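> Could you slot chain B onto chain A? The hints should help.
Protein chains in written order, with this note's numbering: chain A, 2 to 520; chain B, 22 to 526.
Treat the hints as calculated values from the structure; they're not laboratory data.
Among chain A residues calculated to face chain B with C-beta under 7 Å, some are:
id	residue
1	P50
2	G57
3	L59
4	N91
5	D315
Here are the simulated SDA-like cross-link-like pairs (lysine to any residue), alpha carbons at most 25 Å apart as the crow flies:
id	chain 1	residue 1	chain 2	residue 2
6	B	K415	A	E320
7	B	K449	B	A482
8	B	K267	B	S242
9	A	K4	A	D130
10	B	K267	A	I103
11	B	K421	A	P318
12	A	K378	A	R343
13	B	K267	A	P312
14	A	K4	A	L246
15	B	K415	A	M316
16	A	K161	B	L375
17	A	K112	B	A411
18	A	K90	B	S242
19	B	K95	B	A81
20	A	K90	B	Y364
21	A	K259	A	G228
22	A	K161	B	Y364
23	B	K421	A	V84
24	A	K409	A	E448
25	B	K267	A	V84
26	B	K449	B	P388
27	B	K89	B	D55
28	B	K479	B	D300
29	B	K415	B	T273
30	A	K90	B	A403
31	B	K415	A	V84
32	A	K161	B	R380
33	B	K415	A	S104
34	A	K210	A	D338
35	B	K415	A	I103
36	B	K312	B	E328
37	B	K267	A	C49
38	A	K161	B	D370
39	A	K517	A	N506
40	A	K90	A	N45
Remember, it's a predicted structure, so these values are computed and weren't measured experimentally.
We treat Cβ as the ideally placed atom computed from N, Cα and C, and that holds for glycine.
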Amino acid sequence: MRKTLEEVMRTWEPVIGLEIHTEITATRTKMFCGCETAHGGEPNTRVCPVCLGMPGALPVPNEAAIEWTVLAGLATGCEIERVSQFHRKNYFYPDMPKNYQISQYDRPFCKEGQLTIEVGKEGIAQRLDRDQPGVVTPTEDGYETRIGITRIHLEEDTGKMVHVGGSEGRIAGATHSLVDYNRAGTPLMELVSEPDIRTPEEARRFVQKLRLIWLTLGISDGNLESGSMRVDANISLRPRGQAELGIRAEVKNMNSFKSLHDAVAYEIVRQAEILESGGAVAQETRHWDAGRKVTSSLRSKEEANDYRYFPEPDMVPFEFSDEFVASVVARLPELPDARKERFCADYGLPASDAAILSEDLELCAFYEEAAGALGAKLDTLAKPLANLIVNDLIGALNAAGQELSASKVTPAGAAALVMLADEGAISGKQAKEVFADMIETGADPAEIIESRGLKQVSDTGELAAVIDAICEANPDKVEQYRSGKTGLRGFFVGQVMRETHGQANPQVVNELLGEKLDG
Amino acid sequence: MAVAANPQDLMFKPATEISRLVCAREVSAREVVDAAYAHADACDAQVHAYNQRSDALAYAAADELDKKLAAGDKPGDGLPDSALVGAPVAFKDNMNLQGTRTTCSSRILSNYESAYDCTAVRRLLDAGTLPLGKLNMDEFAFGSSTENSAFGPTHNPWDLARVPGGSSGGSAAAVAAGLAPITLGSDTGGSIRQPGACCGVVALKPTYGRVSRYGCVAFASSLDQIGPFARTVRDAALALQVISGKDRYDATSVEAPVPDYSQALGADLKGLRVAVATDFLELEGLDPEVKADVLDAAERLTRMGAEVGEATLPSTQYGLAAYYIVGPAEASGNLARFDGIRYGLRAQDATDVLDLYMRSRAEGFGPETIRRVMIGTYVLSAGYYDAYYARAQKARTVIKQDFDRVFADYDLILTPTAPTPAFKLGEKTTDPLSMYLSDVFTIPVNLAGNTALHLPTKLSAAGLPLGVQLIGNYFDEANVFRAASALEQDYQFPYQTVPVNVLGA
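Isolated chain A, as found in the complex (with noise of 0.2 Å):
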């Protein structure tokens, strides 16, 4: 690749569409039996004849998946349809035990909803015409915009493949394949976004919403290392100013937000590359390599498959009655940007802050937990406290490489420090002392701040004593500074500190240097 996704985004403007499959884990069991949902274990062991396709079964429709996924369509904007069904998608393939697949069809249980996603500074250099009128909202460090959701709806996951004696498990030079059904019928809950996304980072925005929202809702465990959220991009490019489409191609097996960014940022380019050498892009499907970091040919979609589709004669259409979907409304839990909202309106935080902390439910979860222990003092210290999550815990956590969960700070300790430092117990420099010990130790900061005998000084009395003494010391330093050599005043600070071993309240101090010095 020579040129850059910078350079080539100024000649074309990318044209991308997501589909993204959720497996429902909270349903604990599969979608048309009652086999338990789970990764790994022993190949073929939470199987039944329903889900193997044994001659004569059934399928029977998980209604807790059903109503999981209209939480779903509530939670993104969708209209929930009130007759809805399933189809028959018929194909041949190993993975699937009954060679067709039951998902849906003309008749999706959700359609037409939205999602606003936010871009930070960091991606806001790949939307281009953002300084367009209307194009999108700008915001306090890049935008918002809106995307548009074509439908969600609910099928069975399919078996795992295993090729052997390949490159990788995939199927070139594999002399011969296992099957593991235990994914087989799991419910997958479909999302095929519209072709509203315009950049790799506003597709990863997008993603990470909606991960959000499928968290927040208690949906899915939302991995996408492990492929509880699986993401194919459809990915275009046309000219700039041009309003006809151009051919697509898709891609598949970005495992990670980053992979899900490079991929499309790498395909953009590619494909950049072929039209203005005057190729045509091939449609088709294509793999993304982690690795090498390059997509690569999977197959062709010209002979394209004729999936059959017809109603599924084993289960009848489903009816909702207005009481099924407002119970379901009922259901619905604070989403991220009402939170979101509330964090500004409530604890008055600036949006950046807010952002940050909604968008990750343990770190919110802590967040609150910790302001509910600031108590009368919440109006003052939510702020601070936000700070020192946001900056310190964060940080901290990351320098460490390890998870919130993982973290000994608790909420309560970090609200107890926030007071202590505000009370002037300890100086500021004291209270990242007392966090760092507290990150290292789990220990309580009154705890720590009397074990270090870190209590800073303020009585007046005591710190004038000690002043008048280094001024008696030190009679020259004292006739310099007076004779107008004011930088000295760092000197007689650093003296006063070095005498209360660092526990001077340095706001004091430097009042009683300023009487005894300047008076």
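Here is chain B on its own, set in the frame of chain A:
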């Protein structure tokens, strides 16, 4: 004992009578199974109703029952509360029963051992019946003569040169030949009633959703329904009673309560409104004896107090065409799982997975199965769906409206079951369309989803069974049994004169 010396004497008794003898300990359950197999030894070489006998299961069930009876248990007291305790039964070979193979009379499943039990089978066995084995059928239920079995045809016990009908030919022939007093079959377009007509036995297709389909290898999911064969209306009603009701393993089974069907038996026909479907009687190729038999049945019903009128079902003329789109379409999906990957026949030395699929299916499926899968695949293909499948579904709606219109004024519809008595083996094998016409009177009922029963009436001049079809409204099996029971008494069909009976003597 006398019973064992003349197995066919016992085996031609109704299931309820065998059950009474067993429960009264006048004959042991083991002797019942002995008699059933002795009679089969004598005549099944000619009939070929069985694909597989389940001796071990039958004797185990019999010995357990005998032990309980010896200990003083009675039906409803230590034993199932059923009038079928101790009655031997057998199943069409598309119903799963652990301990048996479920082959669907296909090479592709010839080695397939059931991994679980079909709900209807389990329910019948839980009523205390004894499982004799699995019965021959047209491969995957595709056919009307049982000639499409990979294991050779079943012969009609009334004339071994003739077909028993199909696809549940083995189930019908077994009852007609006295191999079992009750068997189960499945009916997608007439596969219970048409062989019932050919073999001269009572044969019921229940309302769609009345009986769970779980464990019965699917042909067309929206049409299939399991139902009983018997030589008495009472046995059929009792069997339906036992196998009916909601099953949590079949999402299309219905919660509707199961009435006590025995209440309908022997009830008088006063106020029962019966329509003769006159347009059915005008079909070209309808055998005059069959037509006369329907009109005779109408007269008898009138004489017994029913209010008999005439009605037409004009839209049912689209039934055959709609059926041969919907049925194959669903079958093409349902049969996709037979691919040689997980179970069943797998072609050897395949070069890749596509080769494995194509060769396993080409070697494993018979010609009629291949024809139906290809038709079904075609009608669902892009560009053809609307012209075929969508229009066929519309035809179903119109046919259903025809029935609804008639049932607004009538309780039952009286029609022929099949256009002719049993035809000769090989007579229609080269002409699929003529074979398909065998089900012209039964198919509309599957498309609409309501219930119908074949009742044997008398023998034709050639000595072949004649009979009528009684079509009932949704979940109104009770009125069907009510009329069937009255006609049964009136006709006294000569079951015991079946020629194959002599073979067992």
